[in-house]
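Okay, here's what each chain looks like letter by letter:
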Amino acid sequence: MPEPTLNSYLLLSAVLFSIGTAGVFLRRNLITILLSVEVMLNAVNLTFIAVDRYRGTVDGQIIVFFVITVAAAEAAVGLAILIALFRHKESLNPDAFTSLKW
Amino acid sequence: MIFGISRELIVHLVIIVVVFFALQITAAVLVYMERKVAGLIQERYGPYLVGPKGLMQPLADILKLIMKEELRPKGADVILFYAAPVLSATAAFAAFAVIPFGADTTFFGFLDHPIHLAAADVNVGLLVIFAISSMGVYGVVLAGWASNSKYSLLGGLRSSAQMISYELAYGLSFAAVIMLAGSLSLRGIVDQQSGYWFGFIPHWYLFLQPIGFLIFLTAGVAETNRAPFDFPEAEQELVAGYHTEYSSMSFALFFLAEYVNMATVSAVATDLFLGGWHGPFPLPDGFEWIWFLVKVFAILFFYIWMRWTLPRYRYDQLMEFGWKWLLPAAVVNLLVTAGVVIYMGW
Amino acid sequence: MDAITFWILAAILVVSSVLVVGQRNPMYSVFLLIVSFAALAGLYIQLDASFAAMIQIIVYVGAIMVLFLFVVMLLNVPTDDAGGEPRRMFGAGPRRIGAVLSAVFAIELALALVRVVSTPLPSSDRGAPVATVYDIGVKLFRDYAFAFEATSVLILVAMVGAIVLARKEAR
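Chains as they are written, first to last, in numbering that gives the first Met the number 0: chain A, 0 to 101; chain B, 0 to 345; chain C, 0 to 170.
Chain A with its partners taken away, still in its complex shape (with noise of 0.2 Å):
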């Protein structure tokens, strides 16, 4: 079992950015979307992490503490948005809200 590097840990926040960015392509569930932005913002976190302790700093940890704060405020007016959204149409579908008409 080779030691974990530097390396390991960006390669593993690279994979988890592009799992999130695929879901946000692919996916057609608004929640779910959300979701895979979350999955992204926790890539970028890591990374943070993994090279914070590479040089023995804690500005990383300091970073990732308003990472997920912002991420925190804006989970809360995306889905205040969804809801609103779902109150108009029933259907969490990204394609169904094709008219710029309300």
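No lab work stands behind these hints, which were simulated from the structure alone. Owing to the predicted nature of the structure, the values given are computational and were not obtained by experimental measurement. Here a beta-carbon is modelled for each residue, glycine too, at the ideal position from N, C-alpha and C. Wrong hints could be hidden among the right ones.
Said to hold, decoys possible - Interface residues of chain C toward chain A, partial, derived using beta-carbon atoms under 10 Å:
hint, residue
1, Ser16
2, Val17
3, Pro25
4, Val29
5, Val34
6, Ser35
7, Gln45
8, Leu46
9, Phe67
10, Phe69
11, Leu100
12, Phe104
13, Ile106
14, Gly160
15, Leu164
Fit chains B and C to the given chain A structure using the hints.
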């Protein structure tokens, strides 16, 4: 080295096993204590038939629960339905893992160096407890959802909304203690509470933070869904809330989770505010945990006493109290503590 | 020992993330994401970032995912993906382009990372001091004080915005 395994590892494993079983025995003792104390408050005998003075009653309860039929409603999601009580019980036990319950001891010379008496000793212990308590919400929410029944869903939603609302006051009240102690590790906080002022008042944070203690206990009672905050699972209101559709072992797991959560809140309150394992007269080395046990059971008795004395809050009164009264009180407490700490230069 | 924990946690993380993206039932997706957050917190602890790990669990798992769960439960989200759309994942149309783009992106990232010279992580435990919460607090309130205050305003704005957006229009 015994059998090639270091002594420390053996002791750690033994401590983990002992803590695990001690929690389960605490739950059983609480079952008995609750019914007996309830009986005494209501001027009747509690259980007295099974065993001497009814002491075997918890055993009878457990046997009954094990032998009941395991039911599942028709449209219930199988995986989530059975995962919910497991999640609740796991979170309840895991939160207790980082609570220290005794001073450093060498177990009467079995070990070379004294070790801390806790299942796991972490630097950020208090944050771990808070984190795992916030995971306990999922068991409730899942149970409400997966039961495919409207009483369960309503009870689950209300219960989880209550739990996350009171988590804020819970966290802020122990933030004030962290400021006074200067450490996030529970062991460090207890160590700061040794010693006396004027020779007879112990150095507990209860005397420095009386309001913080009240806020903590109130929020803790609300977190564990106990009276007077048990509207979501009250029998007269919502049949039984989120655990309506559960029977036999799944219900026993919810029951266990509730009692272990009570024990965790009491243990944290003891460590934070009541001085942990420091007592009026020092016990011989290796027995300090007896004081800890005494204090935890005092708080648990208070819990049970409250349940059978106070009427329960209605749900909207409960939420209003949590957001409009308890949270501002906790914030003001934190600010005043911060001001005093800076002014006094502690 | 470190290596084994890393590979196990990484495996759990990747598998649960793939299942989050691929799962039909949004309820299961939310729970799989919680599992992946827990694995990620384990990785943070391994990287000596216990504060970030606990913040992740308290905020992400304890609050954000509960929000997602409430929305999924209250909206009674349907488990199937498309309303009348063909289910072929790689059929013609936006899905095929999406799949191709994701694959290209993944390959590009992997190539870029593999070229970096392999750098071992300096072993800081049991030697150099590990950053404590105290250090983080000092840095947070000195160097990042403005960001901290701005974040609090952001949260207030998000809270008000979410309430305004989600309430029923009283006509």
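Going through the hints against the structure:
Checking Ser16(C) against chain A by beta carbon gives a least distance of about 5 Å; that is within 10 Å, so the hint holds. A cut of 10 Å between beta carbons decides the hint on Val17(C): the least distance to chain A is about 6 Å, and the hint holds. The beta carbon of Pro25(C) comes within 5 Å of a beta carbon in chain A, closer than 10 Å, and the hint placing it at the interface holds. Checking Val29(C) against chain A by beta carbon gives a least distance of about 7 Å; that is within 10 Å, so the hint holds.
At a threshold of 10 Å, the smallest CB-CB gap from Val34(C) to chain A is about 12 Å, leaving the interface hint violated. For Ser35(C), the suggested interface contact is upheld, since its CB lies about 7 Å from the closest CB of chain A, less than 10 Å. About 8 Å separates the beta-carbon of Gln45(C) from the nearest beta-carbon of chain A, less than 10 Å, and the hint is met. This hint holds: Leu46(C) has a C-beta 4 Å from the nearest C-beta of chain A, less than the 10 Å allowed.
With 10 Å as the threshold, the beta carbon of Phe67(C) comes within range of chain A, its nearest partner Cβ sitting at about 7 Å, so the hint holds. Taking 10 Å as the C-beta contact cut-off toward chain A, the hint placing Phe69(C) at the interface holds, the least distance being around 9 Å. Taking 10 Å as the C-beta contact cut-off toward chain A, the hint placing Leu100(C) at the interface holds, the least distance being around 6 Å. About 6 Å separates the beta-carbon of Phe104(C) from the nearest beta-carbon of chain A, less than 10 Å, and the hint is met.
Restraint check, Ile106(C) versus chain A: the minimum CB separation of about 9 Å is within 10 Å; hint holds. Given hint, Gly160(C) at the interface with chain A, holds; its Cβ is 5 Å from that chain's nearest Cβ, closer than 10 Å. At about 4 Å, the closest approach between the beta carbon of Leu164(C) and any beta carbon in chain A falls short of 10 Å, and the interface hint on this residue holds.
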